[in-house]
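Q: Chains as they are written, first to last, in the UniProt record's numbering: chain V, 1 to 534; chain U, 1 to 534.
The reader is advised that the hints may include incorrect statements.
Here are the computed lysine-lysine pairs in the DSS-like style, where the Cα-Cα straight-line distance is at most 25 angstroms [said to hold, decoys possible]: (1) LYS509/V / LYS409/U; (2) LYS7/V / LYS370/U; (3) LYS420/V / LYS520/U; (4) LYS427/U / LYS409/V; (5) LYS525/U / LYS509/V; (6) LYS525/U / LYS520/V; (7) LYS369/V / LYS427/V; (8) LYS369/V / LYS420/U; (9) LYS520/U / LYS525/V; (10) LYS520/V / LYS409/U; (11) LYS532/V / LYS520/U; (12) LYS525/U / LYS420/V; (13) LYS520/V / LYS509/U; (14) LYS427/V / LYS520/U; (15) LYS369/U / LYS370/V; (16) LYS370/U / LYS5/V; (17) LYS520/U / LYS370/V; (18) LYS525/U / LYS370/V.
These are calculated hints, taken from the structure and not from any lab test.
2 protein chains.
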Amino acid sequence: MATFKVKVLYDFQGEGGTAEMNIVAGETLTVTRTDVGEGWWEGFNSSGQSGLFPEAYVERISGSDPPSIPAPVLPPQNNWGDDEEDDDWDDDTMYSEIGNNHSQSQQHIYSNEQNQNQLSHQFDNLSLGGGSNMGDNKGTITKKSLNIFSSYVKSGLEGYILGTSSNLPVSNKKFRIFRDSDEILGRWEVISNPYTVQIASPKKATKMGGLKSFIAYQLTPSFSNVEVSRRYKHFDWLHDRLTAKFNVIAIPPLPDKQVSGRYEEQFIEHRRAQLQEFINYMCRHPVLSTCDVWVHFLTCTDEKQWKQGKRNAERDQMVGANFCMSIDAPEKEILSSLAEPRVEDSLNYVTRLDQSIKNLMQTAQDQHKKCVNMYKREFMRIGESFFALGSAFEYNQQGMYSKASVDVKNIGSTYMMIGKLYEEQAKMDWQPLFDKMYIYKGITGDLPDVLNLQRLSEQKKKECERNSQVPQTALADVRRRADVLTYTVFAELNHFQNERDTDLRLAMKTFLQEQLNFYKNVVSKLEETLDKFD
Amino acid sequence: MATFKVKVLYDFQGEGGTAEMNIVAGETLTVTRTDVGEGWWEGFNSSGQSGLFPEAYVERISGSDPPSIPAPVLPPQNNWGDDEEDDDWDDDTMYSEIGNNHSQSQQHIYSNEQNQNQLSHQFDNLSLGGGSNMGDNKGTITKKSLNIFSSYVKSGLEGYILGTSSNLPVSNKKFRIFRDSDEILGRWEVISNPYTVQIASPKKATKMGGLKSFIAYQLTPSFSNVEVSRRYKHFDWLHDRLTAKFNVIAIPPLPDKQVSGRYEEQFIEHRRAQLQEFINYMCRHPVLSTCDVWVHFLTCTDEKQWKQGKRNAERDQMVGANFCMSIDAPEKEILSSLAEPRVEDSLNYVTRLDQSIKNLMQTAQDQHKKCVNMYKREFMRIGESFFALGSAFEYNQQGMYSKASVDVKNIGSTYMMIGKLYEEQAKMDWQPLFDKMYIYKGITGDLPDVLNLQRLSEQKKKECERNSQVPQTALADVRRRADVLTYTVFAELNHFQNERDTDLRLAMKTFLQEQLNFYKNVVSKLEETLDKFD
Chain V
1 MATFKVKVLY
11 DFQGEGGTAE
21 MNIVAGETLT
31 VTRTDVGEGW
41 WEGFNSSGQS
51 GLFPEAYVER
61 ISGSDPPSIP
71 APVLPPQNNW
81 GDDEEDDDWD
91 DDTMYSEIGN
101 NHSQSQQHIY
111 SNEQNQNQLS
121 HQFDNLSLGG
131 GSNMGDNKGT
141 ITKKSLNIFS
151 SYVKSGLEGY
161 ILGTSSNLPV
171 SNKKFRIFRD
181 SDEILGRWEV
191 ISNPYTVQIA
201 SPKKATKMGG
211 LKSFIAYQLT
221 PSFSNVEVSR
231 RYKHFDWLHD
241 RLTAKFNVIA
251 IPPLPDKQVS
261 GRYEEQFIEH
271 RRAQLQEFIN
281 YMCRHPVLST
291 CDVWVHFLTC
301 TDEKQWKQGK
311 RNAERDQMVG
321 ANFCMSIDAP
331 EKEILSSLAE
341 PRVEDSLNYV
351 TRLDQSIKNL
361 MQTAQDQHKK
371 CVNMYKREFM
381 RIGESFFALG
391 SAFEYNQQGM
401 YSKASVDVKN
411 IGSTYMMIGK
421 LYEEQAKMDW
431 QPLFDKMYIY
441 KGITGDLPDV
451 LNLQRLSEQK
461 KKECERNSQV
471 PQTALADVRR
481 RADVLTYTVF
491 AELNHFQNER
501 DTDLRLAMKT
511 FLQEQLNFYK
521 NVVSKLEETL
531 DKFD
Chain U
1 MATFKVKVLY
11 DFQGEGGTAE
21 MNIVAGETLT
31 VTRTDVGEGW
41 WEGFNSSGQS
51 GLFPEAYVER
61 ISGSDPPSIP
71 APVLPPQNNW
81 GDDEEDDDWD
91 DDTMYSEIGN
101 NHSQSQQHIY
111 SNEQNQNQLS
121 HQFDNLSLGG
131 GSNMGDNKGT
141 ITKKSLNIFS
151 SYVKSGLEGY
161 ILGTSSNLPV
171 SNKKFRIFRD
181 SDEILGRWEV
191 ISNPYTVQIA
201 SPKKATKMGG
211 LKSFIAYQLT
221 PSFSNVEVSR
231 RYKHFDWLHD
241 RLTAKFNVIA
251 IPPLPDKQVS
261 GRYEEQFIEH
271 RRAQLQEFIN
281 YMCRHPVLST
291 CDVWVHFLTC
301 TDEKQWKQGK
311 RNAERDQMVG
321 ANFCMSIDAP
331 EKEILSSLAE
341 PRVEDSLNYV
351 TRLDQSIKNL
361 MQTAQDQHKK
371 CVNMYKREFM
381 RIGESFFALG
391 SAFEYNQQGM
401 YSKASVDVKN
411 IGSTYMMIGK
421 LYEEQAKMDW
431 QPLFDKMYIY
441 KGITGDLPDV
451 LNLQRLSEQK
461 KKECERNSQV
471 PQTALADVRR
481 RADVLTYTVF
491 AELNHFQNER
501 DTDLRLAMKT
511 FLQEQLNFYK
521 NVVSKLEETL
531 DKFD
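Pulled out of the complex, with its shape left as it was, chain V reads as follows:
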């Protein structure tokens, strides 16, 4: 990212022995990274000293553009903080086998160079098509579209379409898709036993006789009512498993890794809320809410079983396109003329949506910051001006008692109170809106990959149809497998549309209600003050 300048609003003393730096109110810093961890930025001062500082302590100088949002990306290289420690009881298996499994699905049937080139050429066209509606370096999709080749390779699509993956052990569990109409080509079977999971306020726990401390989140699923304790690193492992397994399903993002600092409590509480959003999305998804690794994550309380479950998850071969082998899709063939334009439209739709969601997410973050800092400060200043005038009225000699003094001081107190309301309110409206947009930005960032996979699957199918060496019986199987994948993609799209119209819409409504409550609160404070005048 490009660097930008900020002005320091408040002094901050970095903690010794960490990457934090000291900053002094009034000085100008150059920001070099905003994706260090939630609430922290990296930059250097005019003396060239660099380090981390809290984002909330600085103000962007160049004016109207809000700072860009830290990407919800890879774990940082750095080793600060709690979440990067890997000395937990299950560490031996926790990270060691990640990434082994789906390399098995990266075998290529067509290994000759000609075909390889042909594929690459197709990917070029696709990525151009997928990216054509987007603004310059905006949104989260561009980067992903460029990675289409690697995501294709990882997806094991060829093996799946050509049937060479058919010898893989298939799980008994089937996910059903219904075709209610040609308008909605596919939808997931409705969740038969819906449930919720509550994540309680996190606790700081210690281990190694108190030498090391970490944050433990208590999760209680409604179906079992048995609390399990999970750390962020467990979520992180889970998320890695989910993204490895599901190329045809969009996975909600986890909150950024956090650099622990003096704002721990505030940040940890916010992370809890963000993890709750992640959990909620998982619970509402017909496939994700019942998949083995998630259920294991939600229920396992025994150390031995935990390790066994982890090993099972990491050995799962129903990953990428092969996951479609676990799908029970309608028998009816899908006409390309029906599916193709819809996939194209959806790509455009998701691309535009991704940008809008990112934009609103930035607005929410910007407003949250402004409520906590600027607006609060503005109203405090207004309050102080009135209060000082009220006090000056009172200052006069004895016997000249002024009713105006009390009234004007009351106005002052009221505005100072409203300033505090701004700060408190931001947790109730802008922050939850940001958290919700963050989840959906992750989803709209994933969906183009899902849609592109369908396009590649169709091309692969057509390739087979043109290839005279492929026997008719095999071709029928290829078509069927391509259809199952297309049904899966449409079921996933349909799920997203439903979420947009229920969950996302409800989030908007809740936001509006909270804003309304806030302004009603302001009104009642002003009314009380006005009543005291009479």
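We have chain V already, so just place chain U on it with the hints.
A: Here is chain U on its own, set in the frame of chain V:
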């Protein structure tokens, strides 16, 4: 004043042939003057080009300090705009005789050097005493206190106290002061026929066959219901007469002279509101509301009579301390032990009040500017973010109509509407509050001069008491005249206290009501939007 840097928010094209300069959004300017005229600042850009530009088009860079308020000072040297033209029908007498008259009262009885020095020494002490409670270069009093010598000279205090002004023609009109109690040493007689004056929306008029245009304000006093037409320059002449005449009474300030530009209509309407504030203060004051020059200003419609009235006003010799000869004060002697500490307290009180009023005035100006620019922009941006998301929802293919689209677009429209409300509202709350504070800042800036005049009068009296050459009969007259002046000062103080508790308090209440209306309006907009969700 010190210069400071601003960032240009919007492009602005200066009008050709004026001192206005072109500015371009994003560039940095150095501001050299803020007291050019209301809404205009002077400065230069990085190329060194200098000129005027609208204050509202720029944003101070260095952060939290609001820009200092242009002082309500002398007429600008420049000759732009309407108000500086002096070719009106009454110009020959309008400005030419200003300042002739009160030079008559600058005669000194004690012309020997020793006494002059003694007086200067006293003034030094007084100005130190008056200034001791003030912050550094804050408030409007410091400067005035330093001018105490010249205001003393102009006041004609010596002539009045020593009785050498007694040969001046005394007007028949007497202003009565009552002493109800020792707590309130003096109060003006209550206005027997209270009245109001409405100033109607100003009209642009032309003269010299349309070659010259000017702004005419229509004033209608309630006692006559006869409309008179006055220009700003007439107000300016009136104000000069009032300040020349009344050293024992605080005169409300006129709005700053205006540089006419493209914002004429908005600025002229605001000036009308400011002139109405000036008029209101005049009408409520027991002395000012009935003094000849004011009544002449309010009622004269005949050109010949206007010129005669002007000449009378300019020849008035009951000016400065001599005005006390028109006072009908209680006979009872005032004990120095009663008056002295009260005058000291009042000086401290007024000094502190002046600072508080200036501070609130700055806050009001700052908030007005923020409502019109920043807050409006913020809410527009919020609205646009929601609206864009709602539009992206809609973008999907046919048959996938989204209720969420309409709802989210409604949220967007609502916030854009609230942005506009901010802009409109500022005229209803922050601007009137600023105008009111502006008047009172003028008053609290004058009151120390009034109080210091009383202290000088007491010193002069004591000097005479110590002087064995002054006969007892003359001494009794000196004491009486000093008492009349003290009564006048206390009546004026008392009037100010009453205004504070009625007029200023009412302004606060009105402000609060307007703020309440605004937030109620926001609440109802949000409620309507929420209702549409269901």
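Q: With reference to the structure, classify each hint as holding or not holding.
A: How the hints compare with the structure:
1. At roughly 12 angstroms between alpha-carbon atoms, LYS509/V and LYS409/U fall within 25 angstroms of each other, so this suggested pair holds.
2. Of the pairs offered as hints, the one joining LYS7/V and LYS370/U holds, with about 20 angstroms between alpha carbons and a cut-off of 25 angstroms not exceeded.
3. Pair hint LYS420/V plus LYS520/U holds up; C-alpha atoms about 19 angstroms apart against a cutoff of 25 angstroms.
4. For the given pair, LYS427/U sits about 24 angstroms from LYS409/V by alpha-carbon distance, which is consistent with the 25 angstroms threshold.
5. With a C-alpha separation of about 14 angstroms, the suggested pair LYS525/U and LYS509/V falls inside the 25 angstroms cut-off, and the hint holds.
6. Of the supplied pair hints, the one linking LYS525/U and LYS520/V holds, its CA atoms being roughly 12 angstroms apart against a limit of 25 angstroms.
7. Distance check on the hinted pair: LYS369/V and LYS427/V sit about 10 angstroms apart at the alpha-carbon level, within 25 angstroms; holds.
8. Proximity of LYS369/V to LYS420/U is assessed by CA-CA distance (about 22 angstroms); at most 25 angstroms being required, the pair is judged to hold.
9. Taking the CA atoms of LYS520/U and LYS525/V, the gap is about 12 angstroms. The hint holds against a cut of 25 angstroms.
10. A hinted pair counts as satisfied when its Cα atoms are at most 25 angstroms apart, and LYS520/V with LYS409/U qualifies at roughly 23 angstroms.
11. The hinted pair formed by LYS532/V and LYS520/U meets the criterion: a straight-line CA distance of about 19 angstroms does not exceed 25 angstroms.
12. Between the alpha carbons of LYS525/U and LYS420/V the distance comes to roughly 23 angstroms, so the proposed pair stays at or under 25 angstroms and holds.
13. Of the supplied pair hints, the one linking LYS520/V and LYS509/U holds, its CA atoms being roughly 20 angstroms apart against a limit of 25 angstroms.
14. Between LYS427/V and LYS520/U, the direct Cα distance comes to roughly 23 angstroms. Compliance with the 25 angstroms bound is thereby established for this hinted pair.
15. With a C-alpha separation of about 18 angstroms, the suggested pair LYS369/U and LYS370/V falls inside the 25 angstroms cut-off, and the hint holds.
16. Among the hinted pairs, LYS370/U with LYS5/V is consistent with the structure: their alpha-carbon atoms are about 23 angstroms apart, no more than 25 angstroms.
17. Our distance criterion of 25 angstroms between C-alpha atoms is met by LYS520/U and LYS370/V, whose separation comes to about 22 angstroms.
18. Distance hint between LYS525/U and LYS370/V is fulfilled; the C-alpha atoms sit about 22 angstroms from each other, no more than 25 angstroms.
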